[in-house]
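Sequence order for the protein chains is V and B. Numbering of the first sequence is given in this note's numbering, commencing with residue 1 and proceeding in unit increments. Numbering of the second sequence is given in this note's numbering, commencing with residue 1 and proceeding in unit increments.
Hint data in this document are derived by calculation from the structure and do not stem from the laboratory. The structure displayed is predicted, hence computed values, not measured ones. Fair warning: there could be bad hints in the mix.
Stretch-level coverage of chain B by chain V, calculated; a stretch enters the list once three of its residues show a Cβ under 8 Å from a Cβ in chain V [as the list claims (entries may be wrong)]:
no. : segment
1   : 214–222
2   : 288–295
Looking from chain V toward chain B, a few residues come up when the C-beta cut is under 8 Å (computed) [said to hold, decoys possible]:
no. : residue
3   : L186
4   : I189
5   : E315
6   : I319
7   : P348
8   : Q360
9   : K364
10  : A375
11  : A384
12  : V387
13  : L410
14  : S411
Even for Gly, the Cβ is constructed at its ideal location relative to N, Cα and C.
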Amino acid sequence: MSQGDVILDIRNVTKRFPGVTALDNVSFQVRRGEVHGLCGENGAGKSTLMKILSGVYPYGSYEGTIIYDGSELKLVERPIQRARELGIAIVYQELMLVPNMTVGENIFLGKEPVERGAIQWDRLYSEAGELLAKYGLNVSPRAPVRTLGVGKMQMVEIAKALSENAKVLILDEPTSALTEAEVDRLMEIIANLKRHNVTCIYITHKLEEFFRIADTITVLRDGKVVASQPVGHYTLEKLVGYMVGREMKERFPKRHRHIGDVVLSVEGLEALDPNNPTRRVLRGVSFDVRRGEILGIAGLMGSGRSELVNTLFGEFGRITRGTIRIEGQEVCIRSARDAMRYGLSLVPEDRKLQGLVLIQSILKNISLPNLDQFAGFMRIDEDAEVVAASKQAKSLAIKTPSLQARADSLSGGNQQKVVIAKWLLSNPKVLIMDDPTRGIDVGAKYEIYKLMDELASRGVAIILISSELEEVLGMSDRVMVMHQGRSMGTLDISEATQERVMAMATGLDEIKIV
Amino acid sequence: MDILKTSETQTVNARSALMEDILTRLKSNFQTYAILFALGALWILFTILTNGAYMGPQNISNLFRQMTVTSFLAIGMVFVIVTGNIDLSVGRLAGFVSVVVAYFQANVWFRQIPDQPLLSAVLSVLIGLGVGLLWGVLQGYIIAFLGVPSFIVTLGSMFILSGAILLVTQGKTIPANQPIFSDIAQGYLPQTLGWAIGFIVLVALLLRSLNKIRRKRKYGLQPPNIGVELAGVIITSALVFGYIYWVNEYRGIQTPVFLLALTALVMSHLANNTRFGRYAYAIGGNREAARLSGVNIQRSIFLVFALMGLLCGIAGVVLASYVGYGTIAAGQGYELDAIASAILGGTSTLGGVGTISGALIGALIMSSLTTGLQMLNVAPAWQYVVKGAVLVLAVYADVYFKRSRQ
């Protein structure tokens with residue numbers, strides 16, 4: 001158990017799919033107890049590699065050798081369970097917990113302590129408690145998972161993996177849904193795991209995180225290893241360069257904005273949670289957004305950012321006070337349909353759950369909110385529909401062989417473009433984008449940023465919410481900061497620094513509106 | 001401007017796009033083709049086993065007539081299941097409509113307007129459709145606006161309707177075999193009218209194709225391949241003429257089959273070419289995405305159940321006319337046949353997927369099995385066993401092929 005020996009030695013691994021070589025002669029080493037960052041654009045081969053390690057693609061379906069903990073890794077029978085038994089655990093981007101069970105039940109799901117056929121609940125909860133305490137995970141074992149935030153759910157997932165004595169823990173995009181504070185907490189947990197000699201393979205699109213936590217970074221591009229070096233070897237620019245195969249100087253495009261009149265203004269908005277009317281989700285929000293402007297909304301998770309935009313869109317909060325004006329006219333929005341009529345569009349937070357009908361074609365997804373444009377009495381003009389949708393698909397450069405292809409056949413970035421296309425077709429005055437680049441790769445992100453800038457330059461008002469503060473600061477003209485359901489004030493981009501925004505988001509600073 | 005430039009370089013070759021289009025259509029209708037193939041195999045098997053009697057004009061005529069009642073229910077069930085719901089009440093609702101109609105035929109018109117069979121029949125039809133629609137509206141309201149799950153509402157409604165049937169019939173059988181009314185399900189179209197319908201179908205198909213090409217030109221879209229288009233018209237009209245020729249060998253096109261064909265055409269149009277249909281599929285595919293796209297989910301689901309009620313009304317009228325009686329067992333178990341037909345025809349129990357044509361083929365398979373097994377003198381007990389096994393096997397085959405294609 002000496003720290004620093006090689007726990008995972010990947011030698012010349014090649015994995016082919018019909019028509020594609022997903023991994024091409026991949027070799028690198030992971031040392032015991034280190035945090036090994038793995039990065040690459042979508043499709044670079046990260047997830048294929050992780051699927052091999054976790055047994056989804058069993059031994060024999062790929063070429064090459066993997067030496068794990070001193071002997072060759074051969075996952076043949078019941079490969080996924082076998083990988084877990086051997087101590088390779090993976091925490092997926094989409095959390096896999098049973099919401100109606102408690103933390104303890106989730107951790108021991110499938111391996112409950114049993115005596116004569118009966119589950120030993122006391123033992124289960126005490127062991128779960130010990131496990132959580134040992135690794136500094138601050139969650140109660142008896143709490144139902146559905147009451148936890150995303151950050152805590154992640155801790156439960158990690159605890160679940162550790163309960164099987166994981167030696168190698170693979171974290172796939174663990175921070176994509178976390179706030180800055182939750183990310184900090186996760187970093188502490190990972191540092192703590194390191195002290196317990198647990199090896200972490202850390203996958204993320206947020207490259208800054210590698211520099212905070214990783215010891216070594218391996219970069220994959222088009223299925224090949226292009227670099228595998230100690231973290232000190234890299235700079236952010238260099239890393240991006242390895243990933244995309246060229247130096248990328250700017251992460252955000254240049255701005256071409258001509259800011260016009262106020263389109264949407266919100267004053268003193270207060271709202272209740274419709275599922276729990278005693279909870280006040282919005283407690284006084286005021287802001288406005290102008291034509292051709294990108295207004296960023298910053299705030300920690302739970303600050304009411306998403307609740308605000310969903311309420312504006314008529315699909316969440318029950319408004320108790322305050323006014324919403326569109327082009328000066330006071331409006332009452334009760335449903336998405338109302339919102340669309342007033343020229344609002346929402347690119348929702350979760351494109352798979354809220355944005356797309358994954359089993360339907362790209363064409364049908366794009367036209368769904370816009371059928372009124374093509375429909376006469378009892379008939380949809382399908383040709384007009386195809387013309388309009390392909391125009392959008394072209395101008396957004398959606399990469400697909402046909403509009404008839406199913407939405408779930410696209411990569412994350414292209415799926416997001418479909419969501420944007422469907423809303424652009426409705427010709428919005430205000431486009432609300434809730435975390436538009438979540439979980440998509442650097443190249444696709446930049447395309448979406450460029451698109452946002454172009455839309456703004458055409459006079460669309462954009463409201464941008466993001467869990468990445470840098471994105472908000474990089475794209476916005478002004479930033480509105482929220483804290484506990486209230487707007488703490490709006491900063492012009494020139495005065496918005498990370499420190500200033502964070503101070504407001506944590507409630508330390510507030511701009512008094514006069 | 002950059003964005004536009006990149007897109008031009010990525011314009012896909014139109015021809016390969018067409019091929020891709022045909023391929024995806026074939027792939028997405030894979031189950032429909034598979035089930036058509038199964039139907040053909042089944043017919044050949046029964047024809048051999050019965051020394052050709054199975055394909056005789058009289059038998060084919062009866063076979064198609066037999067499938068009509070459950071087919072009306074099955075095509076409505078497609079919408080219900082596509083939106084992620086279920087309707088267990090359809091059999092009993094059709095049964096209830098049939099006894100109400102029989103009651104009016106036997107007891108009311110007979111006294112109020114004697115010797116007016118046409119007027120009686122028209123009034124009966126209107127009452128039947130009205131009762132079905134009204135019940136559908138009520139169920140739809142409870143499911144969509146009061147938020148009670150459809151499984152529960154329709155289960156309860158099945159019990160209520162069973163009781164209502166007993167109340168109307170008082171436990172007795174009511175005759176509904178009056179002239180004209182009984183023609184609805186037992187009549188035949190004159191043979192010349194049959195041929196005329198065939199020609200109307202042919203002309204309509206040609207006009208539709210021409211119109212399609214003209215419209216694609218107007219929008220500057222790649223027009224469909226004329227050869228492919230013409231082949232489609234020829235195959236479809238050959239099938240229609242073949243069918244007409246064959247049933248004319250017996251007594252002509254069966255009135256209920258004609259009614260079913262009309263209804264199925266309207267329903268297919270609703271499913272594919274109207275907002276109502278698109279919304280139904282979107283709700284079943286992803287309710288949340290549909291809601292955020294401005295789809296009024298409550299209204300859509302309400303309409304689906306109202307439509308289902310109306311179709312139960314049609315099925316009930318046809319049932320009364322077909323059986324010639326209103327009985328206490330009317331429509332019992334038909335909901336299961338309807339669900340089985342829809343699912344055999346490729347409707348996904350997960351929602352979002354399903355076609356009217358598929359459900360019709362499903363119903364035809366069920367009816368072909370029943371007829372064939374009866375001709376082979378298979379005991380009714382085993383007929384149930386075979387039908388059940390076929391349903392499970394068919395869905396398993398689909399699951400298996402889907403898995404192996406991935």
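Outcome of the hint check:
1. 214–222: holds (count 6)
2. 288–295: Held - the segment 288–295 of chain B has 8 residues with a Cβ nearer than 8 Å to chain V, which meets the minimum of three.
3. L186: 28 Å, violated
4. I189: 32 Å, violated
5. E315: 6 Å, holds
6. I319: 18 Å, violated
7. P348: With a minimum Cβ separation of about 6 Å from chain B (threshold 8 Å), the hint on V/P348 holds.
8. Q360: Cβ of V/Q360 sits 5 Å from chain B, so the hint holds.
9. K364: 7 Å, holds
10. A375: It holds, given that the least Cβ distance between V/A375 and chain B is near 5 Å, below 8 Å.
11. A384: 7 Å, holds
12. V387: Check passed: Cβ of V/V387 comes within 5 Å of chain B, closer than 8 Å.
13. L410: 14 Å, violated
14. S411: Hint on V/S411: violated, closest Cβ of chain B at ~15 Å, above 8 Å.
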